[in-house]
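Novice: Using the hints provided, position chain B with the ligands relative to the given structure of chain A.
2 protein chains.
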Amino acid sequence: MPTTSIRGNKMPDSPIRKLVPLANQAKQRGIHVYHLNIGQPDLPTPQRALDAIRSIDRKILEYSPSEGILSLRQKLAAYYHKFKINVDVEDIIVTAGGSEAVTFAFMSCLDPGDEIIVPEPAYANYEAFAIVAGAVIKSIPSKIEEGFALPPIEEFEKLISPKTKGIMICNPNNPTGYLYTQSEMNAIRDLVKKYDLYLFSDEVYREFCYTGAPYISAFHLEGIEQNVILIDSVSKRYSECGIRIGALISKNAEVRRNVMKFCQARLSPPLIGQIAAEASLEETDNYLMASYNEYVERRKFLIDGLNRIDGVYSPIPMGAFYTVAQLPVDDSDKFCAWLLEEFNYEGETIFMAPATGFYTTPGYGTNEVRIAYVLKKKDLAKALIILEKALEAYPGTVYKHNH
Amino acid sequence: MPTTSIRGNKMPDSPIRKLVPLANQAKQRGIHVYHLNIGQPDLPTPQRALDAIRSIDRKILEYSPSEGILSLRQKLAAYYHKFKINVDVEDIIVTAGGSEAVTFAFMSCLDPGDEIIVPEPAYANYEAFAIVAGAVIKSIPSKIEEGFALPPIEEFEKLISPKTKGIMICNPNNPTGYLYTQSEMNAIRDLVKKYDLYLFSDEVYREFCYTGAPYISAFHLEGIEQNVILIDSVSKRYSECGIRIGALISKNAEVRRNVMKFCQARLSPPLIGQIAAEASLEETDNYLMASYNEYVERRKFLIDGLNRIDGVYSPIPMGAFYTVAQLPVDDSDKFCAWLLEEFNYEGETIFMAPATGFYTTPGYGTNEVRIAYVLKKKDLAKALIILEKALEAYPGTVYKHNH
Ligand SMILES: Cc1ncc(COP(=O)(O)O)c(C=O)c1O
Ligand SMILES: Cc1ncc(COP(=O)(O)O)c(C=O)c1O
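Taken in sequence, the protein lines are chains A and B. Everything in the first sequence is counted per full-length UniProt numbering, starting at 1 for the first residue and increasing by one. Everything in the second sequence is counted per full-length UniProt numbering, starting at 1 for the first residue and increasing by one.
Each hint should be verified, as a subset may be incorrect.
[Stated by the list, open to error] Calculated cross-link-like contacts (lysine to aspartate or glutamate; reagent style EDC-like; alpha-carbon spacing at most 16 Å): (1) B/LYS10 to A/GLU254; (2) B/LYS59 to A/ASP51; (3) A/LYS59 to B/ASP51; (4) A/LYS10 to B/ASP51.
[As the list claims (entries may be wrong)] Now the in silico label distances, taken between C-beta atoms and shown as ranges: (5) A/ASP13 to B/ARG58: 24 to 34 Å; (6) A/GLN47 to B/ASP331: 36 to 46 Å; (7) B/GLU157 to A/ASP331: 50 to 60 Å; (8) B/LYS27 to A/GLU283: 30 to 40 Å; (9) B/ASN286 to A/GLU282: 30 to 40 Å; (10) A/LEU159 to B/LYS163: 32 to 42 Å.
By construction, these hints were calculated from the structure, which means they are not laboratory data. Computed from a predicted model, the values in this text were never measured in an experiment. Backbone N, C-alpha and C define an ideal beta-carbon position, used for all residues, glycine too.
Here chain A stands alone, though its shape is the one from the complex (with noise of 0.2 Å):
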């Protein structure tokens, strides 16, 4: 048999995912499974996305632009303007969702052995994207203490190197719910300048942020807009991830030539899913209002409720719909084994994903799980009562504090 690649195999298991078949086998136990794990949100999808679909009148189902569907850029446009991020039509390339669209932005910029700097907790799968690249990432962590603000900027710089061609950021951020203020996107933009680098702004959850505090685009910082290169999706923010429909957005005519070779070659994204991410673009603000309103509700519920039980703590995120808890658990990943393969109370129990799989400096996450808030008030209510019996029960739980 011939051999397998190194780099799949040096690819990593999915921290999301990899659970999947012990909730499966608690399933078929009978156990009923409260997904806190993946960020795929219970809310409906827009109604005129699905009356988009269901009133499809065309008789074959075509490739479509490589770029994406011309009416569609021109709504992102519309919509990406709002916020004041002052992109053309031309600036949009339409992609299989965010997850394409950070995949071409590594392929189109990076080479093997070029560097990016990614303050963590990340989201797992850029590591898993600069694979594909043969790119390396080298993470800064961020500290729950500290609410996992951006770590001082000379942390990064102490990191750059010849190889250094970028910086990846996720505003606001998946897992840590957190949202950079207007000095910390104002010290990468610096850092940015100084050092020439790529800004990968991986924006997909601009719609939730909760505390009031602005959401600062990459896009609106200024002198960088050659070097910025926008993530987005609308996956999230219509609940739609099926659809696959992402964008990659960039100022940079170089990079969008090389992106659009990628694009080429793969022909077309999901025609369908342009279709309905389009029709979610007319929807009106109640839609998302609707969603924001839920999702401040279940922020507030899930995090006092964590806060509660002894030895958990999590700070409070500013934005998306997860957080990063601290459990008083001596392996997180042992523990979020153990709800699913040993545990129950009253028959149900609980999903979260491990918050090692979201660090790549070592022994980072190890009494950290994320918790994606993607479920009604009434199920985080009994996932909290499940929690709070789980470290009852679970045999290394360590409580460290004295009150």
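Specialist: Same frame as chain A, now just chain B with the ligands:
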């Protein structure tokens, strides 16, 4: 401005799409352009697929499993069994088109510098996907005088080095329409076995074999089951290129394990496309028969017509819906551009793909074009007249023969 990647810069422009701007300009000048350049069938998508989409009654368009929806994979397995391709459901991984299947196959099996041998002319994006994986394509030209038959297997053997990891074939072939014979396939099998290579076999055109000669799948070859990676797509056979559904099929668990990591990183294939593909697989044989009969007629009409034009020669393609024809021109790249930029016959012109884009061996294809017969017979008739008139008018026409 930071530099873009060497890989991106090295990516070829799509030979099929690079002349699109010229075609658009021609259209703006009011000229009607017949598209013979692209494998976008004009036949209807199965009604069942359209109906399935139109009757979606979900409230949330969610991520699907990374490997694809189980019921679709089951239907695909049953479909392959009809062709005596004995694969199990677990061997089948659903991808975003055949394009993603080729990409993930290369990523999972090949490392930078690894080589694969590909007979050419070949589907141009193999080169693009090889660059994505950092792999190197070693190509062996097949010859129009030999009807693009498989080059002697000794030519393959000569190219084998310690870096050779596989052979890639497309059967029936795009762009030539060639269908490999049993003895050619056996020769490939023996080589694959002797050197323990991967056999990447792209069989997306299996439904279109016109001569009564048998279609031989790589999975029909005995003793190399662990080496075969089959590439499939519903794009062409159901005229639903826009839904972006394909498949990667392998009996090699290690390969699948790697492929699944790439699948998980990109989260999920398109949901609605999967629903459409599943419905298409339930279509009666009448649908495929009608498509087939249509292509049979067009093929005869086109090839007869081409061979009647002075100085033009096309072998008779046995499958797919393309032919590579030789033209009495100095340079087919120039001729194809000239057709769009300078020529029209009664307000109409034709868009063909210069064959140079399907070869990597320098000098090959300069007097060949690829023509897709994805237009109705009456349009093909007009296209043939335009080609004849164009050859009479083109300054670079050189008649070499003496009849
Ligand atoms: C931060 C972030 N970026 C990108 C993605 C990719 O999502 P998609 O490919 O569905 O757009 C996700 C999905 O969870 C995400 O959380
Ligand atoms: C030989 C061959 N393989 C693969 C593909 C990829 O098609 P898709 O990604 O639409 O499945 C094509 C498209 O033209 C093709 O001709």
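Novice: Determine for every hint whether it applies to the structure shown.
Specialist: The hints, checked one at a time:
Proximity of B/LYS10 to A/GLU254 is assessed by CA-CA distance (about 13 Å); at most 16 Å being required, the pair is judged to hold. Of the pairs offered as hints, the one joining B/LYS59 and A/ASP51 holds, with about 11 Å between alpha carbons and a cut-off of 16 Å not exceeded. Under the criterion of a C-alpha separation no larger than 16 Å, the hint pairing A/LYS59 with B/ASP51 is consistent with the structure, at around 11 Å. A threshold of 16 Å between alpha carbons decides the hint, and for A/LYS10 with B/ASP51 the separation of about 43 Å lies outside it, so the pair is violated.
For A/ASP13 and B/ARG58, the Cβ-Cβ distance of about 29 Å falls inside the hinted range of 24 to 34 Å, so the restraint holds. Distance hint for A/GLN47 and B/ASP331: a CB-CB separation of about 55 Å, inconsistent with the stated range 36 to 46 Å. Between B/GLU157 and A/ASP331 the CB atoms are about 53 Å apart, so this pair conforms to the stated range of 50 to 60 Å. Against the hinted window of 30 to 40 Å, the Cβ-Cβ separation of B/LYS27 and A/GLU283 comes to about 34 Å, which satisfies the hint.
Remark: the range hint 30 to 40 Å for B/ASN286 to A/GLU282 is upheld by a beta-carbon distance near 39 Å. The beta-carbon spacing between A/LEU159 and B/LYS163, approximately 34 Å, falls within the hinted interval of 32 to 42 Å.
The structure fails hints 4, 6 (numbered hints given earlier, in ascending order).
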